[in-house]
Amino acid sequence: MKIRIALLCAALLAAPPAFAKPFKWSSASDIPTWDIHSQNNALGNGVHAAVYESLVYYNSNSFKIEAVLATAWKPISPTQMRFSLRTGVKFHDGSPFTADDAVFSLQRAMHKNSNYAVYTQGIDRVVKVDANTIDVFTKDPNPVLLNQLTELRMMSKAWSEKNNSAAPMDIKTKEENFAHRNTNGTGPFMLKEWQPDQKMVLAANPNWWAKKDANVTEIIYTPVKSAATRMAALLSGEIDFVLDPSPQDLDRIRANRDLKVLDGVENRTIFFGMDQFRDELPGSNIKGKNPLKDQRVRKALYQAIDINTIARVTLRGLGQPTGALVAPQVTGWTEAIHKRHPYDVAAAQKLLAEAGYKDGFEVDFACPNNRYINDEQICQAVTAMWAKIGVKAKLRTQPLATYFPMIQRYEASIYMLGWGVPTFDALYSLQSLVRSVGVGGDGNYNVGRYSNPQMDALVERTKKETDLKLRTDLLTKALALQNEDIAHIPLHNQVIPWAMKKKVDLVHRADNRIDWRLLKVQ
Amino acid sequence: MIAALRHWLDSDIGYSFRSSPTALVAALIALVCGIAALFAPWVAPHNPFDLVTLELANARLPPAWYAEGSKTFLLGTDDQGRDILSAVIYGARISLAVGLASVVLSVVVGVTLGLLAGYLGGWIDAFLMRLCDVMLSFPAILVALLIAGVGRAMFSNAHETLAFGVLILSITLTGWVQYARTVRGSTLVERNKEYVQAARVTGVSSLRIMRRHVLPNVLGPVLVLATIHVATAIITEATLSFLGVGAPPTSPSLGTLIRIGNDYLFSGEWWITIFPGVMLVLIALSVNLLGDWLRDALNPRLR
Amino acid sequence: MLAFILRRLVQAMIVMITVALIAFMLFQYVGDPVTFLLGQDVTPEESRALRAALGLDQPFVVQFWHFLANAAQGEFGFSLRQGVKVSTLIAERFPATIELALVAALLALVIGVPMGVYAALRRGSFLSQVFMTISLLGVSLPTFLIGILLILVFAVQLGWFPSFGRGEVVSIGGWTTGLLTAKGWHHITLPAVTLAIFQLTLIMRLVRAEMLEVLRTDYIKFARARGLTDRAVHFGHALKNTLVPVITITGLQLGGLIAFAIITETVFQWPGMGLLFIQAVNFADIPVMAAYLCLIALIFVVINLSVDLLYFVVDPRLRVDRAGGH
Chain A
1 MKIRIALLCA
11 ALLAAPPAFA
21 KPFKWSSASD
31 IPTWDIHSQN
41 NALGNGVHAA
51 VYESLVYYNS
61 NSFKIEAVLA
71 TAWKPISPTQ
81 MRFSLRTGVK
91 FHDGSPFTAD
101 DAVFSLQRAM
111 HKNSNYAVYT
121 QGIDRVVKVD
131 ANTIDVFTKD
141 PNPVLLNQLT
151 ELRMMSKAWS
161 EKNNSAAPMD
171 IKTKEENFAH
181 RNTNGTGPFM
191 LKEWQPDQKM
201 VLAANPNWWA
211 KKDANVTEII
221 YTPVKSAATR
231 MAALLSGEID
241 FVLDPSPQDL
251 DRIRANRDLK
261 VLDGVENRTI
271 FFGMDQFRDE
281 LPGSNIKGKN
291 PLKDQRVRKA
301 LYQAIDINTI
311 ARVTLRGLGQ
321 PTGALVAPQV
331 TGWTEAIHKR
341 HPYDVAAAQK
351 LLAEAGYKDG
361 FEVDFACPNN
371 RYINDEQICQ
381 AVTAMWAKIG
391 VKAKLRTQPL
401 ATYFPMIQRY
411 EASIYMLGWG
421 VPTFDALYSL
431 QSLVRSVGVG
441 GDGNYNVGRY
451 SNPQMDALVE
461 RTKKETDLKL
471 RTDLLTKALA
481 LQNEDIAHIP
491 LHNQVIPWAM
501 KKKVDLVHRA
511 DNRIDWRLLK
521 VQ
Chain B
523 MIAALRHWLD
533 SDIGYSFRSS
543 PTALVAALIA
553 LVCGIAALFA
563 PWVAPHNPFD
573 LVTLELANAR
583 LPPAWYAEGS
593 KTFLLGTDDQ
603 GRDILSAVIY
613 GARISLAVGL
623 ASVVLSVVVG
633 VTLGLLAGYL
643 GGWIDAFLMR
653 LCDVMLSFPA
663 ILVALLIAGV
673 GRAMFSNAHE
683 TLAFGVLILS
693 ITLTGWVQYA
703 RTVRGSTLVE
713 RNKEYVQAAR
723 VTGVSSLRIM
733 RRHVLPNVLG
743 PVLVLATIHV
753 ATAIITEATL
763 SFLGVGAPPT
773 SPSLGTLIRI
783 GNDYLFSGEW
793 WITIFPGVML
803 VLIALSVNLL
813 GDWLRDALNP
823 RLR
Chain C
826 MLAFILRRLV
836 QAMIVMITVA
846 LIAFMLFQYV
856 GDPVTFLLGQ
866 DVTPEESRAL
876 RAALGLDQPF
886 VVQFWHFLAN
896 AAQGEFGFSL
906 RQGVKVSTLI
916 AERFPATIEL
926 ALVAALLALV
936 IGVPMGVYAA
946 LRRGSFLSQV
956 FMTISLLGVS
966 LPTFLIGILL
976 ILVFAVQLGW
986 FPSFGRGEVV
996 SIGGWTTGLL
1006 TAKGWHHITL
1016 PAVTLAIFQL
1026 TLIMRLVRAE
1036 MLEVLRTDYI
1046 KFARARGLTD
1056 RAVHFGHALK
1066 NTLVPVITIT
1076 GLQLGGLIAF
1086 AIITETVFQW
1096 PGMGLLFIQA
1106 VNFADIPVMA
1116 AYLCLIALIF
1126 VVINLSVDLL
1136 YFVVDPRLRV
1146 DRAGGH
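Protein chains in written order, with the numbering used here: chain A, 1 to 522; chain B, 523 to 825; chain C, 826 to 1151.
The hints are simulated quantities; they were obtained by calculation from the structure and are not laboratory data.
C-beta atoms are modelled at their ideal positions from N, C-alpha and C, and glycine is treated no differently.
Please note that a few of the clues may not be correct.
Unchecked claim - Some, not all, of what chain C presents toward chain B, calculated at C-beta under 10 Å:
(1) Ile847
(2) Leu970
(3) Leu974
(4) Val981
As the list claims (entries may be wrong) - When the alpha-carbon atoms are kept at most 20 Å apart in a straight line, the in silico SDA-like pairs for lysine to any residue are as follows:
(5) A/Lys394 x B/Thr575
(6) A/Lys199 x C/Ser996
(7) C/Lys1008 x A/Pro223
(8) A/Lys90 x A/Lys211
(9) A/Lys24 x C/Val981
(10) A/Lys501 x A/Thr217
(11) A/Lys388 x B/Asn569
(12) C/Lys910 x A/Asn164
(13) A/Lys289 x A/Lys394
(14) A/Lys477 x A/Arg340
(15) A/Lys502 x A/Arg257
(16) C/Lys910 x A/Glu176
(17) A/Lys24 x C/Phe986
(18) A/Lys24 x C/Gly984
(19) A/Lys501 x C/Ser996
(20) A/Lys358 x B/Leu560
(21) A/Lys225 x A/Asn512
(22) A/Lys112 x A/Lys388
(23) A/Lys520 x A/Lys225
(24) A/Lys299 x A/Asp344
(25) A/Lys225 x C/Leu975
(26) A/Lys501 x C/Leu975
Next up, chain A with everything else stripped away, as it sits in the complex:
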């Protein structure tokens, strides 16, 4: 007996290393929360997808929508879609996934505390049909409903209600709920440990409903703020994967026998926004008026930026200069829209002089320093370029955790923002960025408070238009209007490099997230 126990113990002790396959990765910042409907953050959404699943999701290779927790869907009427739910799916606590949970989760995402309004926009109500069927009613016909649903993940109704997490955590009051630190999803991995800003451990879910392609048993995430430290860790073999290597380190990684770089154009456009609401800009030397309200001034700022040199030097080729507010993969994009107003310092100076700012002006300029590829360096370079037309931009840079709340409080005069389009449809960008500030997702990141009735009308019409051809034209028209008004100054589409050990096998997704279902480590 004793021997048997000893043997058993030995076997237990010896067993895990034999097939333990940890995947250790790092990027600059931690996810803001584990509450899946609280904060719409790209990194967070990507990580949440390991633990929580949505009804439908993008296939990593084709980027077509594929069934996940829903098995089939069909329109009952133009404003009603019926979803059959997968049976036999269990949450990590062992309880089954049912229509009640799906209805609850979608309603939770529509709660006023939720930051996911842009994905729930147009949804009127969600109704349970039977234990494995739900209906989603939209206010108007909604051609991008499925795309929106890819980012709305499912959690357990009973678990949330029991643990005081029936409503999403309100990020404005920072009051913590249970779901902020604890999880109960249906996904291929389970949250084992999370010390914010330090370490996160996910363990493989042995009872996952699908056949797993991944062979990883444990995912260990360590946020490391300094790019140099992250790189040192990868070079010395401490970690397997870096989501956001510095462009300057790529040559070195490529030269290393054990490492490789995967890259691709991310579906994310970087641009500058400008305060077009205030009558006087705080921190500017121009009193009594706001120069940024003048289209000529905005155009001058635009034309003073030598984006090609920035893309070549500062981004080391990891940027595709663009004049459009969306990337080429996005519906509504055209070659004509992509064309930039040319880089022309003389023209910019002339525009400024016409607008009455011959000697330029001082203006506040805010940038994140750990969100986009070389964001701070780009802003410094632009500051120098604007100096050449006499605009003295007073640059301040902040980490994303304070930067985004700050710009959302409308505190920046000129700010940098990057917008990815998970729905692959320009409405997503237009609604958030250029529609006047309204309710729900309308203008929720239009922090320059640009407002043009013509634009609002176009956006509203697109929301309801079901004729796909006509709808695409409307999107293109709206994008053209943005270019003409220069509501924002587009810069480039990010090209995202991932750095990793050669033994890591995964697919580079255009939304810059890892597909945990396909993750392999040799």
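Once you've looked at the hints, dock chains B and C against the given chain A.
Showing chains B and C alone in chain A's frame:
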């Protein structure tokens, strides 16, 4: 001027200076760095703060002796196309200015309070010395960080000038204590000497006694402390800037330059961080060596 | 005797209350918590209601009293940045910093003392000249630069040591330690060396100076005169007498190490309190700053107090001297 220098070189201290190769070399290095920093606009080949002259196309050129290097940029350029040599010279200027300003302020505050405490005694003395105890029980860097952090929180949207004010203030607030203590100690000794007593009896005012009789006698140790303090202050400044709460990137001190360059260390562009680092160590080391020498020279017992 | 201890205790209390007051003022005057919580576009009614709810409308003294009462229980509210209880955050980070500081202190002692002894006994020899130069270099090289250089050489070029984090940690009753795993030791090496170098130079110079001082005293001369061997004189008498102040200083410096760990932790991304603090400073996360400040003050006060009391026990002369003033 030259006569005074000659006179000084003939004195005891001058002799000790001439006969110490370390002191000579250190003084030379400190002098060169100091002059370069003082006359930065004339010495530096470029003006790194003039954004108009920056060309992004020149970014990250290696030092001139490399094949890809350019003669225009002797020590290479940083990620914005800024000349490293000029940036280092201007950076040293900022570092030295902040360091010296904090030291001078510390000396003024510390000596004044030390004199007051030592000469007047009583509750002023007790209070000031307790304050010193409290200050000394915290490491300077922590207090400086705290002040810098608070300053940053209070004026979150403020720009450069204020940043430097906060920076100098935070180094000063931690630096004055050592002067106050030393001066107080010497003052206590001087106060009871006969000539001071005599002066007092003849009705000379306290202020005058302190200035004319006590102050000159305590200046020696203060000078030694101040010399070493310059090195400490420069390092503290660099550390704060490295931690991101010091000089802003738009007017970078040596510490800021090192912080920025740190990101390029692993990609082979070592010159962006190493040259400012070398400059910082050169200044700190030469000043420290001078301080060491001065302490020994002023204190014959140790020789 | 009792009077002395009481005086010291009262003094410690005054220091703590002063620090608490500073921390409290941070809350009061640095950034308006209401703005933090509600944002800027808020109606006066909403803001007034929240003020009342948070007790911000009460008199200063009452608020300070509440703050003190909470602080005494380790409650500093929620981190503005992470939305997590500050006490939880600090508790998570505390062991990492303490371990780093202890290992560094040990390292500094083990290497610094022999170097100092050698430099004192073989004054003027080549090696002691080298030691003295190194010590000066150690004072002139900022900690962060040492860290960067160590990473460059040992982590990137040679690949001998990892460059960040604690490696594998074992949790024992809430205390996480990296000192029980090989990986943990592997990870702590570079940060500990970085942190130790400044202390090491300090200890070495101190030991050298003390040694020289002691060797000059009459009783050493007397010991020599009695015909004791050099070895017995140096190590039996001189070193023993040197070590008391050295160990005291090292003890006092432990607090300094914890504070200096801020820099080392930043360079090596060591998940300790220092890293937490510097992040808080960068984000103006007042509750975390205040809590860290109070905690460090507490550590310092406790260390100073114990050193004072120990001195008092060890050295009877102090019972008269020290009671008089400072």
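Next item on the list: Please work out if C/Lys910 and A/Glu176 have their alpha carbons no farther apart than 20 Å.
Entry: With a Cα-Cα distance of about 9 Å, the restraint between C/Lys910 and A/Glu176 holds, given a limit of 20 Å.
Checklist line | Pair hint A/Lys501 and A/Thr217, alpha-carbon separation not exceeding 20 Å | finding: holds (17 Å)
Notebook entry, point to check: Does A/Lys24 pair with C/Val981 here, judged by a C-alpha cut-off of 20 Å?
Noted result: Cα-Cα ~18 Å, so holds.
Margin query: Tell me if the straight-line CA distance from A/Lys501 to C/Leu975 falls inside 20 Å.
Written below: Given pair A/Lys501, C/Leu975 is violated - Cα atoms ~24 Å apart, limit 20 Å.
Check: Is the interface hint for C/Val981 satisfied, with its Cβ closer than 10 Å to some Cβ of chain B?
Finding: Hint on C/Val981: holds, closest Cβ of chain B at ~6 Å, below 10 Å.
Check: If you draw a straight line from the CA of A/Lys477 to the CA of A/Arg340, is it 20 Å or shorter?
Finding: Since the Cα atoms of A/Lys477 and A/Arg340 sit roughly 16 Å apart, the hinted pair holds (cutoff 20 Å).
Checklist line | Pairwise hint evaluation, A/Arg257 against A/Lys502, where the allowed Cα distance is 20 Å at most | finding: holds (8 Å)
Notebook entry, point to check: Should the hint that C/Leu970 touches chain B count as held when the rule is a Cβ pair under 10 Å?
Noted result: holds (5 Å)
Next item on the list: Would you mind confirming whether the straight-line C-alpha gap from A/Lys199 to C/Ser996 stays at or under 20 Å?
Entry: holds (14 Å)
Notebook entry, point to check: Holds or violated: C/Lys1008 with A/Pro223, Cα cutoff 20 Å?
Noted result: Cα-Cα ~19 Å, so holds.
Item checked: Hinted pair A/Lys112 and A/Lys388, Cα distance within 20 Å -> Given pair A/Lys112, A/Lys388 is violated - Cα atoms ~46 Å apart, limit 20 Å.
Margin query: Check whether the Cα positions of A/Lys225 and A/Asn512 lie no farther apart than 20 Å.
Written below: Holds, at roughly 18 Å.
When each numbered hint is compared with the structure, violations occur for hints 19, 20, 22, 23, 26.
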